[in-house]
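Taken in order, these protein sequences are the chains called Z and V.
Sequential numbering of the first sequence, starting at 28, is according to this note's numbering.
Sequential numbering of the second sequence, starting at 11, is according to this note's numbering.
Check before you lean on any hint, since a few could be wrong.
Computed list of lysine-lysine pairs in DSS-like fashion (alpha-carbon distance at most 25 Å, straight line) [to be verified]:
#1 V/K77 / Z/K44
#2 V/K12 / V/K115
#3 Z/K84 / Z/K98
#4 V/K115 / Z/K84
#5 Z/K96 / V/K77
#6 V/K77 / V/K12
#7 Z/K44 / Z/K96
#8 V/K66 / Z/K84
Computed spacing ranges between beta-carbons, pair by pair [unchecked claim]:
#9 V/Q11 / Z/S109: 18 to 28 Å
#10 Z/N55 / V/Q41: 19 to 29 Å
#11 V/Q11 / Z/E106: 49 to 59 Å
#12 V/K77 / Z/P35: 23 to 33 Å
Simulated from the structure, these hints should not be mistaken for lab results.
Positions of the beta carbon are idealized from the N, C-alpha and C atoms, including for glycine.
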Amino acid sequence: EAQVTQNPRYLITVTGKKLTVTCSQNMNHEYMSWYRQDPGLGLRQIYYSMNVEVTDKGDVPEGYKVSRKEKRNFPLILESPSPNQTSLYFCASRKGFTYNEQFFGPGTRLTVL
Amino acid sequence: QKEVEQNSGPLSVPEGAIASLNCTYSDRGSQSFFWYRQYSGKSPELIMSIYSNGDKEDGRFTAQLNKASQYVSLLIRDSQPSDSATYLCAVKGPNQAGTALIFGKGTTLSVSS
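Make a model of the complete structure from these sequences and hints.
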């Protein structure tokens, strides 16, 4: 089954404690993205990757890091989380840059105390 | 700042009626337009894409695009309670790598039986 998986699905942490949210896809897609979704602000892209070792900033990259060492994995790293990073995070993947077949993961709800 | 505007709703329609969801965008260079459906607590799911002016039909869904007026709409015919969800309009700029998908904040649709 074609899918995007994320782990963990729920996470409560404290300010400053480094964390990683994993994302994996089994569709051999080149493009992967991380979004955050906040009430009243909608979905905003944090980072995206066009292929292995190729990443770039989206609209709201501050406080986040990513890596793309393998085609299937695209982890999101928060090195020093702060309460304003409390949000619902989605990983997504697509075959090309045209977005006509973009698949989202199930989401990770992060709370930073 | 590229913007995508949607009426947040809620839009309430009775079962069997036509639901009309609207979206306007600010970037005249936008080339690709998408509608996503998001059930509460779930990830967005692509339901329609449209690239040229006019109508595109897929089952009970019709997407309409008017680039001159910079609006895109989604019609849902014979609305069902299972259509109750938040509908996200998303717009992409010129067809090149690295162009982000800009999401509207979404319109909540409620279909009553």
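Verification of the hints:
no.	hint	result
1	V/K77 / Z/K44	violated, 47 Å
2	V/K12 / V/K115	holds, 13 Å
3	Z/K84 / Z/K98	holds, 18 Å
4	V/K115 / Z/K84	holds, 21 Å
5	Z/K96 / V/K77	violated, 40 Å
6	V/K77 / V/K12	holds, 15 Å
7	Z/K44 / Z/K96	holds, 23 Å
8	V/K66 / Z/K84	violated, 33 Å
9	V/Q11 / Z/S109: 18 to 28 Å	holds, 24 Å
10	Z/N55 / V/Q41: 19 to 29 Å	holds, 25 Å
11	V/Q11 / Z/E106: 49 to 59 Å	violated, 28 Å
12	V/K77 / Z/P35: 23 to 33 Å	violated, 42 Å
Checked against the numbered hints given earlier, this structure breaks hints 1, 5, 8, 11 and 12; the rest are met.
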